[in-house]
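Protein chains in written order, with the numbering used here: chain A, 1 to 511; chain B, 1 to 345.
Misleading hints may appear alongside valid ones.
Said to hold, decoys possible - Computed beta-carbon distance windows for the label pairs: (1) B:Val128 x A:Glu466: 37 to 45 angstroms; (2) B:Pro323 x A:Thr496: 52 to 60 angstroms; (3) A:Ser348 x B:Lys29: 53 to 61 angstroms; (4) A:Asp73 x B:Ile16: 38 to 46 angstroms; (5) B:Ile131 x A:Arg332: 17 to 25 angstroms; (6) B:Pro323 x A:His110: 42 to 50 angstroms; (7) B:Thr210 x A:Gly507: 43 to 51 angstroms; (8) A:Asp402 x B:Pro323: 52 to 60 angstroms.
Hints in this document: simulated from the structure, not taken from any laboratory.
Cβ atoms here follow ideal geometry from the backbone N, Cα and C, with glycine treated the same way.
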Amino acid sequence: MMTEPNTTPIVEMTGITISFPGVKALDDVAFRLLPGEVHALMGENGAGKSTLIKALTGVYGIDSGRIVVGGVDQVFAGPAEAQAAGISTVYQEVNLTDNLSVAENVMLGHEIRRFGLIDWHATRKAARTYLRALNLDIDPKSSLSSHSLAVQQLVAISRAMVVDARVLILDEPTSSLDSDEVARLFDVIRTLRDQGVAILFVSHFLEQIYAISDRITVLRNGTLVGEYTPAELPRVELVGKMIGRTLEVLSELEGRSERAVVDRSGTPFMQAIGVGRRGSIEPFDLDIYPGEIVGLAGLLGSGRTELARLLYGADHADSGETLVSGESVKLRNPRAGLAKSIVFSSESRKTEGIIGDLTVRENIVLGLQAERGWMRRVPKKKADEVVAQYIEALGVRPANPDAIAGNLSGGNQQKVLLARWLATAPQLLILDEPTRGIDVGAKAEIQKLVADLAAQGMAVVFISAELEEVLRLSHRIAVLRDRHKVAELINSDDVTTDVVVDLIASGGTSA
Amino acid sequence: MTGLAQLTRHRLFWPIVALVVLLLASTLKSHGFLEVTVRDGHLYGAPIDILRRSSILLLVALGMTLVIATRGIDLSVGAVMAIAGAVTLTQIASSPDPGAVSTVAVAMLTGLAVCLVIGVFNGFLVAVLGIQPIIATLVIMTAGRGIAMLITGGQITTVTSAPYKTLASGFWLGLPVAALIAGFFFAVVALVTRRTALGVLIESVGINPTASRLAGVRARTIIWTVYVLCALFACIAGFLQSSNIMAADSNNAGLFIELDAILAVVIGGTSLAGGKFSLTGTLVGVLVITTLTLSITVIGIPVNAVSLFKALVVIVVCLLQSPVVQHKLRARRRQAAPVPVEVPA
Numbered sequence: 001m002m003t004e005p006n007t008t009p010i011v012e013m014t015g016i017t018i019s020f021p022g023v024k025a026l027d028d029v030a031f032r033l034l035p036g037e038v039h040a041l042m043g044e045n046g047a048g049k050s051t052l053i054k055a056l057t058g059v060y061g062i063d064s065g066r067i068v069v070g071g072v073d074q075v076f077a078g079p080a081e082a083q084a085a086g087i088s089t090v091y092q093e094v095n096l097t098d099n100l101s102v103a104e105n106v107m108l109g110h111e112i113r114r115f116g117l118i119d120w121h122a123t124r125k126a127a128r129t130y131l132r133a134l135n136l137d138i139d140p141k142s143s144l145s146s147h148s149l150a151v152q153q154l155v156a157i158s159r160a161m162v163v164d165a166r167v168l169i170l171d172e173p174t175s176s177l178d179s180d181e182v183a184r185l186f187d188v189i190r191t192l193r194d195q196g197v198a199i200l201f202v203s204h205f206l207e208q209i210y211a212i213s214d215r216i217t218v219l220r221n222g223t224l225v226g227e228y229t230p231a232e233l234p235r236v237e238l239v240g241k242m243i244g245r246t247l248e249v250l251s252e253l254e255g256r257s258e259r260a261v262v263d264r265s266g267t268p269f270m271q272a273i274g275v276g277r278r279g280s281i282e283p284f285d286l287d288i289y290p291g292e293i294v295g296l297a298g299l300l301g302s303g304r305t306e307l308a309r310l311l312y313g314a315d316h317a318d319s320g321e322t323l324v325s326g327e328s329v330k331l332r333n334p335r336a337g338l339a340k341s342i343v344f345s346s347e348s349r350k351t352e353g354i355i356g357d358l359t360v361r362e363n364i365v366l367g368l369q370a371e372r373g374w375m376r377r378v379p380k381k382k383a384d385e386v387v388a389q390y391i392e393a394l395g396v397r398p399a400n401p402d403a404i405a406g407n408l409s410g411g412n413q414q415k416v417l418l419a420r421w422l423a424t425a426p427q428l429l430i431l432d433e434p435t436r437g438i439d440v441g442a443k444a445e446i447q448k449l450v451a452d453l454a455a456q457g458m459a460v461v462f463i464s465a466e467l468e469e470v471l472r473l474s475h476r477i478a479v480l481r482d483r484h485k486v487a488e489l490i491n492s493d494d495v496t497t498d499v500v501v502d503l504i505a506s507g508g509t510s511a
Numbered sequence: 001m002t003g004l005a006q007l008t009r010h011r012l013f014w015p016i017v018a019l020v021v022l023l024l025a026s027t028l029k030s031h032g033f034l035e036v037t038v039r040d041g042h043l044y045g046a047p048i049d050i051l052r053r054s055s056i057l058l059l060v061a062l063g064m065t066l067v068i069a070t071r072g073i074d075l076s077v078g079a080v081m082a083i084a085g086a087v088t089l090t091q092i093a094s095s096p097d098p099g100a101v102s103t104v105a106v107a108m109l110t111g112l113a114v115c116l117v118i119g120v121f122n123g124f125l126v127a128v129l130g131i132q133p134i135i136a137t138l139v140i141m142t143a144g145r146g147i148a149m150l151i152t153g154g155q156i157t158t159v160t161s162a163p164y165k166t167l168a169s170g171f172w173l174g175l176p177v178a179a180l181i182a183g184f185f186f187a188v189v190a191l192v193t194r195r196t197a198l199g200v201l202i203e204s205v206g207i208n209p210t211a212s213r214l215a216g217v218r219a220r221t222i223i224w225t226v227y228v229l230c231a232l233f234a235c236i237a238g239f240l241q242s243s244n245i246m247a248a249d250s251n252n253a254g255l256f257i258e259l260d261a262i263l264a265v266v267i268g269g270t271s272l273a274g275g276k277f278s279l280t281g282t283l284v285g286v287l288v289i290t291t292l293t294l295s296i297t298v299i300g301i302p303v304n305a306v307s308l309f310k311a312l313v314v315i316v317v318c319l320l321q322s323p324v325v326q327h328k329l330r331a332r333r334r335q336a337a338p339v340p341v342e343v344p345a
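Just chain B, same shape as in the assembly:
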């Protein structure tokens, strides 16, 4: 009983329940939903698909978690994805040998360099100039797609390049390359934040920036760093996205992904007020959002009602996580328990 109570109080309990319910509902509708088969040496099936589709959001949400932990927010991630795709594909398209691995590598490095500059710019506005993060990153959010359009010359740049296509569509050891890339960076960030002191210093800055600075923590550097990291992860997400369609679509690449990423972070239990963060939570949040999108089609929700259904699930999960609601639920449970109490006047 107490074990169960403790379990329900865990901040990831309800998101995980939501995930399981979505998976079960999908399986009921389509019996083979959870089946994973081997085809051409690759793993196939909805679960694999969820992993592959989660990779872009996971990368973006990873950076977002760190930014949010410092009390910040980064609205520019969608635009950064667009710029990453634009820079990289334009360079591949203009190269004499688009299919060469070296071409792709150089193009991706260029994309990373451009995104690095954007991250430095965002971090400078927030950490040095002290501009509110939501305003500071709004600059690139609005201007970024314009920059991407300038780079592609207002066109949707398409390329044919086998190595680049591998990023989103390839398989390695039977698993989708995209999922492996996202998983790799997830593991690296988890390891770096928890095995070095970076995690606790980020939290410390997020909880109390003034006290952290006086304690000798390089608060400014840490804040700057998380914005740079966030832009770099968005850049890699931009690679995966553009590789998926083999085109740089400046208008639609990563559109509104900042909202999904913030949502994933919040579902994962990291507070927008900064401080304690949970990467595992973010992973669960990302899986919930992706599974939701996928199961909507499987369950057979009419296309028109998709947004509404998504909103409903999100509201329910958020409500169940809210301290007020949790308190009420607990109070009801306690009342329901047969304890001989005299009725209060």
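Pulled out of the complex, with its shape left as it was, chain A reads as follows:
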């Protein structure tokens, strides 16, 4: 293994700093890329990976620092200039033109011309040569959309080769590929590497990182943690460096063998009796006790979200009765839920949660303010206290109340949303996919927080597509399928993901 590079780096970035309003996305980061290596860029969401890539590809300008490509200082005013310098990018979502042919896609902008007109025959022939170089034997005349996503990805890489890329950036290229397709992609990557192309590889799959990388750079919170070879960095350490601490929090949750016993003898905080909404979810019964975490398990579209929305009043039920602390209530709109100390955090953070252009402070105070109405503004002193308290308690990064919420990373936006709801001191917290699309560290923190809140007596409804997560946290699990609540079971060590999967598959008939 190489420890010190014996070749000159093709890309050398030093002292890179990029700030967005209220957020320092990159702070004095250095990064280098050698010809003929696969270099993995690792970090959690919000660590600055995409920002660094965008700086290298000319999408963002840098506030300070140097970018040297092939020994020449570069100031990229746009992606076109970066491309001209030999830097090509293949994004997660393939950015090719679906309805053009493979050849047109590969050669777009580099068609071979004769007498000023495109010579299609020669163009297709050239395209075939590029495709063959990647062991891709498909008809250049065929339409791009007729091929699988994996092939499209390879076509995108061929296209990068046409512009004679010296640096190839692959941003999460494997996220929608199956294992055979990944193997094929890796073959191509190795071929290119052996030809001397420098490859920057980003993936969330640790296995793949160790399978293909020659070198790993780790970022955290916009700063450089270090550059390592895979051999000197075992997986546990890599994850530790990414999240900046040992995995104590996670293991603590994993090891939670005895679940707190929930007292189900008293009145439930909420009782839903035959509550349903036509075309959304069939009538269901559900009791939620104080201090209890009720997990909702089911596939996408099984009615998890719809059920949760009825409990809050985001949609109003057209059948059944809801009791809160034994009293019948009508939850016609979100305000009604809020008035009963019920809060609901939607799965769509961007469209139904965060108010993007407002600050972190304004976002956190919003729930509290909505409860008080517009006349009684939350006093500045109280707002400052609440905001500071939750930023601290939930570890919102950056810890700046005046940062624009839309500029935060997904995990931090989720924390801001949680803060908004917790600030209203709810008795029932409904969380719809609170950990989706956020990184390991933030995920563990949020899970721990939910467990702690329940231990303090809060009732929680927890929805997640990840069964393990539901099982780890919940005291009781309601299983949904095809917009029916099909089963309900008390969580214990006997309940495994297999049991729940069986229930979902069988529709509860075996239970």
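Could you slot chain B onto chain A? The hints should help.
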């Protein structure tokens, strides 16, 4: 240098520059332009005139700012002004004692009540029925002048009423009453939106209505409220306008003022996409538009070319505010700075 750069990046920088340039140009042409003199205990002069003439547009633009902040638009303000004038003047004219303060007060309250109904109607269409604001308010924009004509019986109703005339032509503490009225409402709205939570809730609804509703914000009520407020401010603007000519001219009262109001809001930096709004910005926008109209005559632009000149100024201000143009300007400035950079390939 950086201080200056920051200053030029402020969204009100170019509108204020435009205002200053217009004032300077007018002063160059007519040396006494900026002079304010005291005559009969009142302040006189072009600046005072600008304030007085700005009052109608400021009132309309004030409501428009709030509506636009919720992602809406209100095209009906001109028609509402016409209705306000028609209702009020018809009632004053038919009263046995048009000169009495009580008559005028009752007539104005009637006008406000009618406009309140219109605002409720607009708000209902937008907030409850979910009709696109531009279509919903188009209803009153087109039908409103017809209603005003019905009220005045197709005539231009003229009245003689000293108290009513005071609204537009009177002075109090040396200042025009019209400007004081507009300034008063400006201060009230600024205070209410920034001292209570109304401002931030309006912005929140404008930025993301769904998320705001789920956060428990009464999004529907807030949207409804801004349309009602907009109609009420247009109504008061209608009083000032009809008091100015002491006549209710249903065809021409507030004609095309919705466009000037929208323009003032946009010049002031509030985005038509909703969200963050700036009342100060709107005030500057209104002053720019009024000063423009006044200085055109002072500078001596031929009457035929007035629209063209106005359009030119507006285009320049809007261009200077556009993010694309600002970015280009900044890039040029950076290039011009003597930094030793190797020429990119």
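Results of checking the hints against the structure:
Range check, Val128 (chain B) to Glu466 (chain A): about 40 angstroms between beta-carbon atoms, so the 37 to 45 angstroms window is met. A beta carbon spacing of about 54 angstroms between Pro323 (chain B) and Thr496 (chain A) agrees with the range 52 to 60 angstroms that was offered as a hint. At about 58 angstroms, the beta-carbon gap between Ser348 (chain A) and Lys29 (chain B) stays in the expected band of 53 to 61 angstroms. Under the hint 38 to 46 angstroms, the C-beta atoms of Asp73 (chain A) and Ile16 (chain B), about 39 angstroms apart, fit the expected range.
The hinted window of 17 to 25 angstroms between Ile131 (chain B) and Arg332 (chain A) holds, with their beta carbons roughly 22 angstroms apart. Checking the proposed 42 to 50 angstroms range against Pro323 (chain B) and His110 (chain A) shows it is violated: the Cβ atoms sit about 32 angstroms from each other. With their beta carbons about 32 angstroms apart, Thr210 (chain B) and Gly507 (chain A) fall outside the hinted range of 43 to 51 angstroms. Checking the proposed 52 to 60 angstroms range against Asp402 (chain A) and Pro323 (chain B) shows it is violated: the Cβ atoms sit about 22 angstroms from each other.
Checked against the numbered hints given earlier, the structure breaks hints 6, 7 and 8 and satisfies all the rest.
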